[in-house]
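Student: Chain residues, written in single-letter form:
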Amino acid sequence: MSKNDIRNDNDIKILVHTFYGKVQDDERLGFIFNDFARVDWEKHLPNMVDFWSNLLFQTGRYKGRPFRQHIPLPIEKEDFGRWFLLFEETINELFAGEKASYAVEVAGKIASSFTIRMQQMGKFQTDMSSEK
Amino acid sequence: MAYVVTDPCIKCKYTNCAAVCPVDAFREGPDFLVIDPLECIDCDACVSECPVDAIYPDDEVPEKWEDYISLNERLSEKWENRLINETKPESGDADKWAEIENKREHLTENWSDE
Numbered sequence: 020m021s022k023n024d025i026r027n028d029n030d031i032k033i034l035v036h037t038f039y040g041k042v043q044d045d046e047r048l049g050f051i052f053n054d055f056a057r058v059d060w061e062k063h064l065p066n067m068v069d070f071w072s073n074l075l076f077q078t079g080r081y082k083g084r085p086f087r088q089h090i091p092l093p094i095e096k097e098d099f100g101r102w103f104l105l106f107e108e109t110i111n112e113l114f115a116g117e118k119a120s121y122a123v124e125v126a127g128k129i130a131s132s133f134t135i136r137m138q139q140m141g142k143f144q145t146d147m148s149s150e151k
Numbered sequence: 050m051a052y053v054v055t056d057p058c059i060k061c062k063y064t065n066c067a068a069v070c071p072v073d074a075f076r077e078g079p080d081f082l083v084i085d086p087l088e089c090i091d092c093d094a095c096v097s098e099c100p101v102d103a104i105y106p107d108d109e110v111p112e113k114w115e116d117y118i119s120l121n122e123r124l125s126e127k128w129e130n131r132l133i134n135e136t137k138p139e140s141g142d143a144d145k146w147a148e149i150e151n152k153r154e155h156l157t158e159n160w161s162d163e
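Residue numbers (the numbering used here), protein chains in the order written: chain C, 20 to 151; chain W, 50 to 163.
Pulled out of the complex, with its shape left as it was, chain C reads as follows (with noise of 0.2 Å):
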């Protein structure tokens, strides 16, 4: 079956259910996103639906601090890669198109753009100890 782009309000949320599946399968993601932070989904899957809908549709819905949000968060270097490999999973399992190849470019830059600013940050135990 051929797969079509990211047309609509749906499509996300089937990305962004579909994705978050998948982050709380993993071992690492899981961890962080339940057992550490208690992530609400009830609250945090409608917010992540208008977020990536304001990225690929500039709905205006998003209104949150997304970098803040992560700071205090247990996250290693290796993480935010993990995130956008499961990202990029979730979208070629789902989707083609234009809007789709979008996704996984801003998915890509947010991961290595919050990874450097929290590395410079000095956040990550794994760096310290490879300094000692």
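To be clear about the criterion: a stretch of chain C counts as covered by chain W if any three or more of its residues have a C-beta under 8 Å from a C-beta of chain W, and this derived list gives those stretches:
#1 71-78
#2 84-92
#3 126-136
In silico EDC-like cross-links for lysine to aspartate or glutamate, where the CA-CA straight-line distance does not exceed 20 Å:
#4 128/C <-> 93/W
#5 82/C <-> 93/W
#6 82/C <-> 129/W
#7 82/C <-> 77/W
#8 118/C <-> 30/C
#9 82/C <-> 88/W
Here are some chain W residues pointing at chain C (derived, C-beta under 10 Å):
#10 71
#11 73
#12 88
#13 93
Don't read these hints as lab results, they were simulated from the structure. In this text the structure is predicted, and so the values were computed from the model without any measurement. Virtual Cβ for every residue (Gly too), placed ideally from N, Cα, C.
Once you've looked at the hints, dock chain W against the given chain C.
Tutor: Same frame as chain C, now just chain W:
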């Protein structure tokens, strides 16, 4: 990492960039915009919106404007409550200022109502 607004924006402030930012990272001064480096997600959407090419990723800011990296950081705190996420009409002489380079001395940091 974050994107940085540099010199060409001063006295131009076209605001097209702020309207496309997905995370509302732009802050507004009287005649200049800055990007809050802790809000920017490096998506690149704003760069092509700027008619005077004022926006750069922080590792690609031209050397002569490198001080704008810390300026964006400082002014985004100062203008913390001046969030801008829509286009506003530019001032009448914006197009004239667009022709001028190195305008740092003309930057106004304080809003007249403060």
